[in-house]
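Participant: Given next are the chains, with one letter for each unit.
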Amino acid sequence: MNEEKKSINEDIKNLVIARLDVMPSNYKLSIGNEGTFTKRELIEHVMAEDNIGNQIVKMQFNFIKALTTGKFIQTLNQNE
Amino acid sequence: MNKILLVTRPKYDNGTEYLSVYASEILKEAKKSNISVKDFEEKEVNKENIEKYLASKNPKLLFLNGHGNECEICGHKDKIIFSLTNVNLLKNRITYARACFSASVLGCEAVKSNNGCFIGYNYPFSFWIDDKWSATPIRDKTASLYLMPSNEIVLSLLKGKTTKEADNISRKMMIKNMKKILAMEQKNEPGATGMLQILWDNYDGQVVLGNKDASF
Numbered sequence: 001m002n003e004e005k006k007s008i009n010e011d012i013k014n015l016v017i018a019r020l021d022v023m024p025s026n027y028k029l030s031i032g033n034e035g036t037f038t039k040r041e042l043i044e045h046v047m048a049e050d051n052i053g054n055q056i057v058k059m060q061f062n063f064i065k066a067l068t069t070g071k072f073i074q075t076l077n078q079n080e
Numbered sequence: 001m002n003k004i005l006l007v008t009r010p011k012y013d014n015g016t017e018y019l020s021v022y023a024s025e026i027l028k029e030a031k032k033s034n035i036s037v038k039d040f041e042e043k044e045v046n047k048e049n050i051e052k053y054l055a056s057k058n059p060k061l062l063f064l065n066g067h068g069n070e071c072e073i074c075g076h077k078d079k080i081i082f083s084l085t086n087v088n089l090l091k092n093r094i095t096y097a098r099a100c101f102s103a104s105v106l107g108c109e110a111v112k113s114n115n116g117c118f119i120g121y122n123y124p125f126s127f128w129i130d131d132k133w134s135a136t137p138i139r140d141k142t143a144s145l146y147l148m149p150s151n152e153i154v155l156s157l158l159k160g161k162t163t164k165e166a167d168n169i170s171r172k173m174m175i176k177n178m179k180k181i182l183a184m185e186q187k188n189e190p191g192a193t194g195m196l197q198i199l200w201d202n203y204d205g206q207v208v209l210g211n212k213d214a215s216f
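Line by line, the protein sequences are chains Y and S. Mapping the first sequence onto my numbering, position 16 (from 1) lands on 16, and the numbers just tick up by one. Mapping the second sequence onto my numbering, position 99 (from 1) lands on 99, and the numbers just tick up by one.
Hints are computed from structural coordinates only; laboratory data are not their basis. Hints may contain errors.
Taking beta-carbon pairs under 8 angstroms as the criterion, some of the chain Y residues facing chain S (in silico) [to be verified]:
id	residue
1	15
2	19
3	26
4	27
5	36
6	55
7	73
8	74
9	75
Where is the CB? At the ideal position from N, CA and C, for every residue including glycine.
Take these sequences, add in the hints, and give me the full structure.
Facilitator: Structural data, given as structure tokens:
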């Protein structure tokens, strides 16, 4: 069970890192009072699994949830 | 309660610099519409100044920019301007807090047993910055995708829309921007998905608490 959980976390972590890695290098993410970060810094935080890294993973997870539940598509379509 | 817009614009890091510049667009619009405005900028954004102004002028609409957490909204250099100890000062007013997590506890307390409204976020308010434009944030088309829809909340309130309508107008702009980003993704522009997920988080985290029919 723990192995499975660990593996899922690793998969999500890798997905988040892959998504960050394709961001243009001149882009920075401002995350409220946590600060403003380059993609390299964001990747380091995700790898370190610290507060900022976990926050980034949460954001990614929230988006994946919206995609898989259909909430994202419903939201886009409601405006048409 | 007086028809005055109070704006807080701390400015001491990248994030607050962008918030401040985009909030200044609201000041221009308010001026055009002859709406009374009190703008607290940088060092002026402290608890003493804000509390004093609220007591003396009693403004109806508050547009708070800055860092925050579940229980606090900050002014200059992270000094707290609103917390659970003075949240009563937000009662019966319309507050839009462009600050992380501001709605989750403080916002709920602000609208308890009164006719006011609090618009804020249950998640962090985040945005991508294109560093090429960091010296002129208003020309940063990437940051605009996130900050213009949030500006739309206050612009709509200034035009007399209700808080619910203002939220809807802002949401529509966010959806429009999400579609713009999706079109970028279809053209294989790098980073589109990363941009989209942050805008989705702002969309999903934005909430209107209390009186949804309140207007300025």
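Participant: If a hint holds in the structure, say so; if it doesn't, say that too.
Facilitator: Okay, the hints, checked on the actual structure:
1. 15: Check failed: Cβ of residue 15 of chain Y comes no nearer than 10 angstroms to chain S, outside 8 angstroms.
2. 19: holds (5 angstroms)
3. 26: With a minimum Cβ separation of about 5 angstroms from chain S (threshold 8 angstroms), the hint on residue 26 of chain Y holds.
4. 27: holds (5 angstroms)
5. 36: For residue 36 of chain Y, the interface hint holds, since the closest Cβ of chain S sits about 4 angstroms away, which is under 8 angstroms.
6. 55: Holds - the Cβ of residue 55 of chain Y comes within 8 angstroms of chain S, reaching about 7 angstroms at its closest.
7. 73: violated (11 angstroms)
8. 74: With Cβ-Cβ at 11 angstroms, over 8 angstroms, it is violated.
9. 75: Holds: closest Cβ of chain S sits about 6 angstroms from residue 75 of chain Y, inside 8 angstroms.
Consistency note: the structure conflicts with the earlier hints numbered 1, 7 and 8.
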